[in-house]
Amino acid sequence: MIMVTGANGQLASRTLQELAERKVPALGCSRSPADGQRRIDFDDPATLDLTAVSTLVLVSAGYAEDDQVIARHRAVLDAAVRDGVGHVVYTSLTGGGDHLGFALAHRTTEQMIKASGLGWTILRNGLYAELFGALLTWTADGLESAFGKGALSAVARVDLAAAAAVVAGNPAVHADTTYDLVGEPITATDIAENLAVAHRTIGLGEYRARLLADDALLPFQPPMLASIATSVRHGFLGNTTSDLVQLLGRPLTDSLTVAADAAAAMRPGAR
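The numbering used here puts the first residue of the sequence shown at 9, with every later residue one more than the last.
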C-alpha cells in the first residue's frame, strides 16, 4: 500500500488525486485526517502506525524550526523501519536551494533516509510557481519585490504532485535516485509583463524590515523568506534540468502563467 503524509496539504492532496486518476490505490494520513485516512501525527509517537505500508511518500513536514522538522522526519523514518516499509519517496528541495534558510532540514533528512536501510527516492522539488507569484506585492503602480532581475526555475505544484505519483506507483524503477525537479526560469518582471503592469525592485533591507514587522509571520519565516529573495536576486535558483519532463513524459505546465495567476489573485479587489 502507498501512504502519502500531510494529506490535508496542497502537494499531498494533489498527489493522492494524481494516484487516484492513475487507479493506483493509496492512503492519505494527517494529524487531522479526513474520512478513510489514517491519523498520523509526527509529534505524537503513539500515532506513528505505518503497518501494511509498502511505499511511503514523505511530504516534508516543514513550516517549523529545523530541529522540529528533523525530529519529525526522524520519528517517521524510525517508524517506517520498525513497521517494514519498503521504500520512501521524499519531497526535498532543489539542489540549487542549498543557500536557502530552510535547506538544512531537507539535506539532513536526505542523509537520514540514505542511512536508514530503506529503499529511497529523493524528489528535489523546485520552488512553487504559485509561491513566486504570491510573494510579489501590489502597489498603486503595479508590482514590487526584492527579487530584482533574478530568475527562478519555478514549477507548478501540479507537476510536482504528478512526479511524486509516477515514482510512488513504481518505486523500484526509481530506487536510489535523486531527481532535481525544476521548471523554466522566470523573473518577477516576466510576471509583471504578463499582467501588463510595472515591476519595481526594493532593497533586501527594506524587504527584511517589512517581514520583521509582520505580526502574522512566525519567527522562523522572515529569514526563510529573505533567503528566497536574495537567492533569486543573486542567481542561485535559476538552475534547469530535464528530470521533471522525463518523469512526466509531457511538457511542463507553464510556470509563468501559474505565477501570474497567483499574483493576480493577490491583487486588491480581486477576491
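No wet-lab data here; the hints were simulated from the structure. These figures come from a predicted structure and were not determined experimentally. C-beta atoms are modelled at their ideal positions from N, C-alpha and C, and glycine is treated no differently. Just to be clear, a hint being listed does not mean it is correct.
[Said to hold, decoys possible] Simulated crosslink set (EDC-like; lysine to aspartate or glutamate; CA at most 20 Å straight-line):
1) Lys122 - Asp184
2) Lys157 - Asp91
3) Lys157 - Glu201
4) Lys122 - Asp106
5) Lys122 - Asp86
6) Lys157 - Glu214
7) Lys122 - Glu152
8) Lys122 - Asp74
9) Lys157 - Asp184
[What the hints assert, rightly or not] Pairwise CB distance ranges, derived in the manner of DEER restraints:
10) Thr209 - Asp75: 30 to 36 Å
11) Ser124 - Gln229: 26 to 32 Å
12) Leu139 - Thr185: 23 to 29 Å
13) Gly277 - Gly211: 42 to 48 Å
14) Asp149 - Ser62: 51 to 57 Å
15) Asp106 - Arg275: 32 to 38 Å
16) Gly211 - Asp49: 18 to 24 Å
17) Arg90 - Gln229: 21 to 27 Å
18) Gln229 - Gln25: 24 to 30 Å
19) Pro33 - Glu192: 31 to 37 Å
20) Asp223 - Gln25: 30 to 36 Å
Structure-based check of each hint:
| no. | hint | verdict |
| --- | --- | --- |
| 1 | Lys122 - Asp184 | 8 Å, holds |
| 2 | Lys157 - Asp91 | 49 Å, violated |
| 3 | Lys157 - Glu201 | 13 Å, holds |
| 4 | Lys122 - Asp106 | 18 Å, holds |
| 5 | Lys122 - Asp86 | 13 Å, holds |
| 6 | Lys157 - Glu214 | 17 Å, holds |
| 7 | Lys122 - Glu152 | 41 Å, violated |
| 8 | Lys122 - Asp74 | 19 Å, holds |
| 9 | Lys157 - Asp184 | 36 Å, violated |
| 10 | Thr209 - Asp75: 30 to 36 Å | 34 Å, holds |
| 11 | Ser124 - Gln229: 26 to 32 Å | 30 Å, holds |
| 12 | Leu139 - Thr185: 23 to 29 Å | 26 Å, holds |
| 13 | Gly277 - Gly211: 42 to 48 Å | 28 Å, violated |
| 14 | Asp149 - Ser62: 51 to 57 Å | 55 Å, holds |
| 15 | Asp106 - Arg275: 32 to 38 Å | 33 Å, holds |
| 16 | Gly211 - Asp49: 18 to 24 Å | 41 Å, violated |
| 17 | Arg90 - Gln229: 21 to 27 Å | 33 Å, violated |
| 18 | Gln229 - Gln25: 24 to 30 Å | 28 Å, holds |
| 19 | Pro33 - Glu192: 31 to 37 Å | 34 Å, holds |
| 20 | Asp223 - Gln25: 30 to 36 Å | 35 Å, holds |
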